[in-house]
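> Hey, can you work out the whole structure from these sequences and the hints?
Protein chains: 2
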Amino acid sequence: MTTTAPTTAGPAPLAGRFDVIPLESVVFGPGAAGGLAAECERLGMSRLLLIASPSLARRLDMRAVFDAATGGRVAGVFTGGRPHVPDDVVLAAAEAARAAGADGVLSVGGGSVVDLGKAVSLCVAEGVRTREELLAWRVVFEYPATVEIPTTTAPQLPHIAVSTTLSAGEFTSIIGITDTQRLVKDLYITPSLVPRMVVLDPELAVHTPRDLWASTGLRAVDHAVEALCSTSAQPVTDALSADALHRLTRYLPVSTADSADLHAAGQCQVAAWESIFGLTNVNLGLSHGIGHQLGARCGVPHGITSCVMLPAVLDYNLEHTSPAQARIAQIFATAAGVAAEVGAGELVRRFIASLGLPTSLREVGVERSEFPALARDAMADLIVASNPRPVTGEDEVIAILDSAY
Amino acid sequence: MTTTAPTTAGPAPLAGRFDVIPLESVVFGPGAAGGLAAECERLGMSRLLLIASPSLARRLDMRAVFDAATGGRVAGVFTGGRPHVPDDVVLAAAEAARAAGADGVLSVGGGSVVDLGKAVSLCVAEGVRTREELLAWRVVFEYPATVEIPTTTAPQLPHIAVSTTLSAGEFTSIIGITDTQRLVKDLYITPSLVPRMVVLDPELAVHTPRDLWASTGLRAVDHAVEALCSTSAQPVTDALSADALHRLTRYLPVSTADSADLHAAGQCQVAAWESIFGLTNVNLGLSHGIGHQLGARCGVPHGITSCVMLPAVLDYNLEHTSPAQARIAQIFATAAGVAAEVGAGELVRRFIASLGLPTSLREVGVERSEFPALARDAMADLIVASNPRPVTGEDEVIAILDSAY
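Protein sequence lines correspond, in order, to chains A and B. Every letter in the first sequence is one number past the one before it in my numbering, and letter 283, counting from 1, is 283. If you want my numbering, it's the 1-based position in the second sequence plus 1000.
Among these hints, one or two may not hold up.
Beta-carbon label-pair distances, calculated as ranges [said to hold, decoys possible]:
hint: 1; chain 1: B; residue 1: Ala1136; chain 2: A; residue 2: Ala64; range: 30 to 38 angstroms
hint: 2; chain 1: B; residue 1: Arg1350; chain 2: A; residue 2: Ala145; range: 50 to 58 angstroms
hint: 3; chain 1: B; residue 1: Ala1136; chain 2: A; residue 2: Pro155; range: 29 to 37 angstroms
hint: 4; chain 1: B; residue 1: Gly1010; chain 2: A; residue 2: Gly337; range: 18 to 26 angstroms
hint: 5; chain 1: B; residue 1: Arg1098; chain 2: A; residue 2: Pro155; range: 29 to 37 angstroms
hint: 6; chain 1: B; residue 1: Glu1041; chain 2: A; residue 2: Pro11; range: 27 to 35 angstroms
hint: 7; chain 1: B; residue 1: Thr1231; chain 2: A; residue 2: Gly337; range: 49 to 57 angstroms
hint: 8; chain 1: B; residue 1: Ser1046; chain 2: A; residue 2: Arg129; range: 36 to 44 angstroms
hint: 9; chain 1: B; residue 1: Arg1098; chain 2: A; residue 2: His320; range: 52 to 60 angstroms
hint: 10; chain 1: A; residue 1: Gly365; chain 2: B; residue 2: Ser1046; range: 57 to 65 angstroms
To be clear, the hints were calculated from the coordinates, so they are not data collected in a lab. Cβ coordinates follow ideal geometry from the N, Cα and C atoms, glycine included.
Written out as structure tokens, the structure is:
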């Protein structure tokens, strides 16, 4: 529009865009995972491939539990997932879906299990059976601005994700798949990859090991913190991220200490959802960008990458994000009963340590000799280009890794 | 799930469901309405029926402005809208869409114009040409629990809504259409009625009369307040509603006083969006329920119904919603620089009066003799049944109307 007089002087007007990914429903609360028959009916799912976390499958008879929950719709079970979604696992799970004649996916577990569910939907829709066919769908990025995102068109299998950790990958249309030959985590991005429905049931989360629960909670903290610090922060993500941090700083310690506290667990699950709500609409930063590569190359779990990188990245970005960091510091300081002047980086570091989680690369066994390769891979990660403080080269990434060592 | 030991004692766990309506994108900021050609292309819209607010059409050459903005796609223009969306206007606009061979709707204006756009999409899809055919699609409700919502199946015309007021109807899949024979506002509810895309452009909003801007801003306040007080309040709507109230209490007075302040206008537009984000997932209350009937029977504009009813409804609901009202009071008190102990009802009343808006039914010309009919119609409004304080009969509605008189 050019129909108006120039604006009066003052702050720059809000401007942005918010695209909604095609997730249809979220149900949350104790027992939510127990009543999925009507949801399967609504989504046209009659033969499910149940992809269950291996650790959960050791504790519960997953086929029996989810046959009951879905009205007898489980046609096959896959429990061969591994952290960071290696490509061989993806191809095996897709083959299991075909063998079961699956018309839908039900994933139950943490981020790797849900990502595997998304990957199966993609592979079945696009007829992917080999590593080469899979790689054709990855995002190719060259620093700083060349991106190729393949367009998928085939309808994917409907997917219900029942999440038992807090990393919130079930709310995204992004998959990270590790190429086991190149030892790099590739991104796959298609809006329709997001599950149609997400279920957050604290009764199921009591089985999640507490260290995994806590560290994935830090992943949610990382989502919220990098959204608030984003170069493209916007009101909806700011409001939800801040609310997520209020809940996580209050309830993650409680829930980590007592898995039977369903109120605290549910608060953390909802906070994880809030931390990622609309996150595709804002640019993230180095904690996510370096974290992807720490996972692929060094096998560091998602949540732990946030524990060891987020404080160092906050320190690195401080001058470029001081208003956001002041807001973050206030939330953590209030929860800890200390002064916000301590600063966001240090407050987040203390919060992580208070949960018994590692705060340095040394503690998680990453060697300095890997820094050059990590820095090179990170510079090839789409997300690094959007860090609030521009990253001028691999040397800077190595300096950040040093500070996190 | 019944796989866990009983929870430890403590607060009741969070539980709920959040369904996402199929709105795809929101763009906001100065100039956002000027670049819609690519969006029309993406949505498959080549021949638009432009439904423009009559008052805007007197100020701007709408066909020329939006032909430029859409790359020459305006095939017909309809400017015959009237407040509260009378049924005869709906039928006339649908006929205009057919005459223009429209494959898409572009609505530009306030809530009535956007609702007309939704109604045209419905009528064209379902072949509605008469009052009787239209009424077949309305929601039929009998107090307290009998609801019939007709299911639409035909694909609707894609619809882009460019909003110039703050009542936020462009974010819902609900239409209120006034039956001019029964003088009742009927609800029409179908998820796909929500526009595919919403545009919030403060440069276009400079033309909105300031009293309409302010009163529709109170409509957004009403959405946020009744969401926070809802019997089914949930974290996502709570966080966004609270953020909306922070922005509206700060920027609505600024923007009402100075239409050229695009920063303040944009803050109000985003706040209106936040106020209604996810609102279909929570029950609203009497301010919306009575407001619908004040509009249909007495011709009171949407925003004004909120001005005159919301404070009285807050007072009526106080004992059933005291934690939410304390939070609301804190936000209004902080903005006004007074003590929160004044109470939410009185603080909202003062905020309304400070904007030069009416705070009583008397001021807007509603006669006491109309109270019995208003109360009867309100009891037939779906929303009244969900008010936080149960409404036992028409006498109670009349008592609330008395207190708002």
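> Decide, hint by hint, whether the structure agrees.
Outcome of the hint check:
no.: 1; hint: B:Ala1136 x A:Ala64: 30 to 38 angstroms; in the structure: 47 angstroms, violated
no.: 2; hint: B:Arg1350 x A:Ala145: 50 to 58 angstroms; in the structure: 52 angstroms, holds
no.: 3; hint: B:Ala1136 x A:Pro155: 29 to 37 angstroms; in the structure: 32 angstroms, holds
no.: 4; hint: B:Gly1010 x A:Gly337: 18 to 26 angstroms; in the structure: 21 angstroms, holds
no.: 5; hint: B:Arg1098 x A:Pro155: 29 to 37 angstroms; in the structure: 32 angstroms, holds
no.: 6; hint: B:Glu1041 x A:Pro11: 27 to 35 angstroms; in the structure: 33 angstroms, holds
no.: 7; hint: B:Thr1231 x A:Gly337: 49 to 57 angstroms; in the structure: 34 angstroms, violated
no.: 8; hint: B:Ser1046 x A:Arg129: 36 to 44 angstroms; in the structure: 40 angstroms, holds
no.: 9; hint: B:Arg1098 x A:His320: 52 to 60 angstroms; in the structure: 55 angstroms, holds
no.: 10; hint: A:Gly365 x B:Ser1046: 57 to 65 angstroms; in the structure: 59 angstroms, holds
Taken one by one, the earlier hints fail for this structure at numbers 1, 7, listed in ascending order.
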